[in-house]
Amino acid sequence: GAVVSQHPSRVICKSGTSVKIECRSLDFQATTMFWYRQFPKQSLMLMATSNEGSKATYEQGVEKDKFLINHASLTLSTLTVTSAHPEDSSFYICSAREWGGTGNVQPQHFGDGTRLSIL
Amino acid sequence: GQQVMQIPQYQHVQEGEDFTTYCNSSTTLSNIQWYKQRPGGHPVFLIQLVKSGEVKKQKRLTFQFGEAKKNSSLHITATQTTDVGTYFCAGHDTGGFKTIFGAGTRLFVKA
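Residue numbers (the numbering used here), protein chains in the order written: chain A, 1179 to 1297; chain B, 6 to 116.
Do not take every clue at face value.
To be verified - Below, simulated SDA-like cross-link-like pairs (lysine to any residue); rule was C-alpha separation at most 25 Å, straight line:
no.: 1; chain 1: A; residue 1: K1219; chain 2: B; residue 2: Y15
no.: 2; chain 1: B; residue 1: K103; chain 2: A; residue 2: T1209
no.: 3; chain 1: B; residue 1: K103; chain 2: A; residue 2: L1297
no.: 4; chain 1: B; residue 1: K56; chain 2: A; residue 2: T1280
no.: 5; chain 1: B; residue 1: K103; chain 2: A; residue 2: G1278
no.: 6; chain 1: B; residue 1: K62; chain 2: A; residue 2: E1200
no.: 7; chain 1: A; residue 1: K1242; chain 2: B; residue 2: Y15
no.: 8; chain 1: B; residue 1: K103; chain 2: A; residue 2: S1261
no.: 9; chain 1: A; residue 1: K1219; chain 2: B; residue 2: T33
no.: 10; chain 1: B; residue 1: K41; chain 2: A; residue 2: S1221
no.: 11; chain 1: B; residue 1: K103; chain 2: A; residue 2: G1179
no.: 12; chain 1: B; residue 1: K103; chain 2: A; residue 2: G1194
no.: 13; chain 1: B; residue 1: K103; chain 2: A; residue 2: I1190
None of these hints come from the bench; they were simulated from the model.
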């Protein structure tokens, strides 16, 4: 089945540090990748959607200068949390989806997530 | 904007009891997907429904898509402890450009 690798799985760092999270589709081409934030016992909050080779589309309330997303290839997207602060501590999950044709929405395949803790 | 409401927020059942979670959309959906997230894990795709009134089964799981394509349900018959987790629905607007996840239903199963 489709596998998405997300790395690192856990990060602990000091306030002010920038953190990069990678999301790779291992056995399929991900034309679209999604970045979510999930708070404990809560739902997935979509942060942004990125299509390969295009600028990411950010959801309302998500600062694009704070959360930099790059989707340079069909198998790799990165999320960089710039100058992270304690309030950025959370569980970040990426998902990847391949193109299924017009009107045919393929399922999203999720990475294992990254638990970010800012001290 | 488009919203997908999912209820209940959580449910405790005794092993062997049935369980149902419901999703309702404020707008007509092109399709709906269901995912399961085990505690400590990531969401895993279960199934996709596309046709109006569609019903699909996976062993003890039954998925339905409403006639108006605005609501869906997941029913688990005779729950087992392995069913524990959070079940999410994800609706796609017509055209499939936007994916809206429901808030999820956390299922607790007591042995």
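Is the hinted pair K103/B and L1297/A satisfied, with a Cα-Cα distance of at most 25 Å?
-> Violated - the C-alpha atoms of L1297/A and K103/B are around 35 Å apart, more than 25 Å.
Proposed proximity, T1209/A with K103/B (alpha carbon, max 25 Å) = holds, 15 Å
For the pair supplied as a hint, K103/B and I1190/A, is the alpha-carbon distance within the 25 Å limit?
-> violated, 33 Å
For the pair supplied as a hint, K103/B and G1278/A, confirm whether the alpha-carbon distance does not exceed 25 Å.
-> holds, 15 Å
With a cut-off of 25 Å on the C-alpha distance, tell me whether K1242/A and Y15/B pass.
-> Violated: K1242/A and Y15/B sit about 33 Å apart, past 25 Å.
Take a quick look at whether K1219/A and Y15/B sit within 25 Å of each other, Cα to Cα.
-> holds, 10 Å
Are the Cα atoms of K103/B and G1179/A separated by 25 Å or less?
-> Distance ~24 Å between K103/B and G1179/A Cα, so the pair holds.
Given the hinted pair K41/B and S1221/A, is their alpha-carbon gap at most 25 Å?
-> Holds, because 12 Å separates the two Cα atoms, which is no more than 25 Å.
Below or equal to 25 Å on CA atoms is what counts here, so check K103/B against G1194/A.
-> Not OK: K103/B and G1194/A at ~33 Å, beyond 25 Å, violated.
Has the given pair, K103/B with S1261/A, been kept, meaning a C-alpha gap of at most 25 Å?
-> This hinted pair is violated, its Cα atoms lying about 30 Å apart.
Keeping to a limit of 25 Å between CA atoms, is the pair of K62/B and E1200/A held or broken?
-> It is violated: about 35 Å lies between the C-alpha atoms, which goes past 25 Å.
Agreement of K56/B and T1280/A with the hint, judged by alpha carbon distance not exceeding 25 Å | Distance ~16 Å between K56/B and T1280/A Cα, so the pair holds.
The structure fails hints 3, 6, 7, 8, 9, 12, 13 (numbered hints given earlier, in ascending order).
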